[in-house]
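Enquirer: All residue numbers for the sequence shown refer to this note's numbering, where the first residue is 5 and numbers rise by one.
Hints listed in this document are in silico derivations from the structure and should not be mistaken for laboratory results. Only a predicted model underlies this, so the values are computations on that prediction, with no experimental measurement involved. Please note that the accuracy of each hint is not assured.
Claimed, not checked - Here are the computed lysine to aspartate or glutamate pairs in the EDC-like style, where the Cα-Cα straight-line distance is at most 20 Å:
hint	residue 1	residue 2
1	Lys21	Glu51
2	Lys21	Asp84
3	Lys21	Glu73
4	Lys21	Asp46
Stated by the list, open to error - Have a look at the derived ranges for each label pair, beta carbon to beta carbon:
hint	residue 1	residue 2	range
5	Leu92	Arg68	14 to 20 Å
6	Pro86	Leu50	19 to 25 Å
7	Arg72	His27	27 to 33 Å
8	Leu11	Gln80	20 to 26 Å
9	Asp17	Ser40	16 to 22 Å
10	Glu13	Glu57	39 to 45 Å
11	Tyr14	Leu92	16 to 22 Å
12	Glu13	Ala77	17 to 23 Å
13	His27	Glu73	15 to 21 Å
14	Pro15	Ala36	17 to 23 Å
C-beta atoms are modelled at their ideal positions from N, C-alpha and C, and glycine is treated no differently.
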Amino acid sequence: MGELESLIEYPLDFPIKIMGPNHPAFVPTMTALVLSHAPDFDPATLETRSSREGKYLSLTATIRAVSREQLDALYQALSDHPMVSAAL
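Turn these sequences into a full structure, and let the hints guide you.
Expert: Dropping the structure here:
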């Protein structure tokens, strides 16, 4: 077990920032993806910010993380998705 893992106590509220195109399908697609890994996520809490030119969106989804495995799986799914530019 790594040092970082030993410092994190689950469950905890964990913000995930997702960046991608300002496209009509981006928000609902990312909401569904987050829900598939964190079924108790409340889509009404999703924070959305547009880039200065309006070409990109930054979403912040705060989930109730229950394990490192859950977070790893969610980050992997986000990283693998073609609409996602970055997930932090």
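Enquirer: Taking the hints in turn, state whether each one holds.
Expert: Here is how each hint holds up against the structure:
1. Lys21 with Glu51: Holds. Lys21 to Glu51 sits at ~9 Å (cutoff 20 Å).
2. Lys21 with Asp84: Since the Cα atoms of Lys21 and Asp84 sit roughly 15 Å apart, the hinted pair holds (cutoff 20 Å).
3. Lys21 with Glu73: Answer holds: Lys21 to Glu73 is near 18 Å, not above 20 Å.
4. Lys21 with Asp46: Satisfied, since the Cα-Cα distance of roughly 15 Å is no more than 20 Å.
5. Leu92 with Arg68: 14 to 20 Å: Given a distance of about 18 Å, which is inside 14 to 20 Å, the answer is holds.
6. Pro86 with Leu50: 19 to 25 Å: The hinted range 19 to 25 Å holds for Pro86 and Leu50, with Cβ atoms some 20 Å apart.
7. Arg72 with His27: 27 to 33 Å: holds (31 Å)
8. Leu11 with Gln80: 20 to 26 Å: Given a distance of about 22 Å, which is inside 20 to 26 Å, the answer is holds.
9. Asp17 with Ser40: 16 to 22 Å: holds (19 Å)
10. Glu13 with Glu57: 39 to 45 Å: For Glu13 and Glu57 the Cβ distance comes to about 40 Å; the hint holds.
11. Tyr14 with Leu92: 16 to 22 Å: Given range 16 to 22 Å: holds, Cβ gap about 19 Å.
12. Glu13 with Ala77: 17 to 23 Å: 19 Å Cβ-Cβ, so the 17 to 23 Å window holds.
13. His27 with Glu73: 15 to 21 Å: violated (30 Å)
14. Pro15 with Ala36: 17 to 23 Å: This hint holds: roughly 22 Å between Cβ atoms.
Checked against the numbered hints given earlier, the structure breaks only hint 13 and satisfies all the rest.
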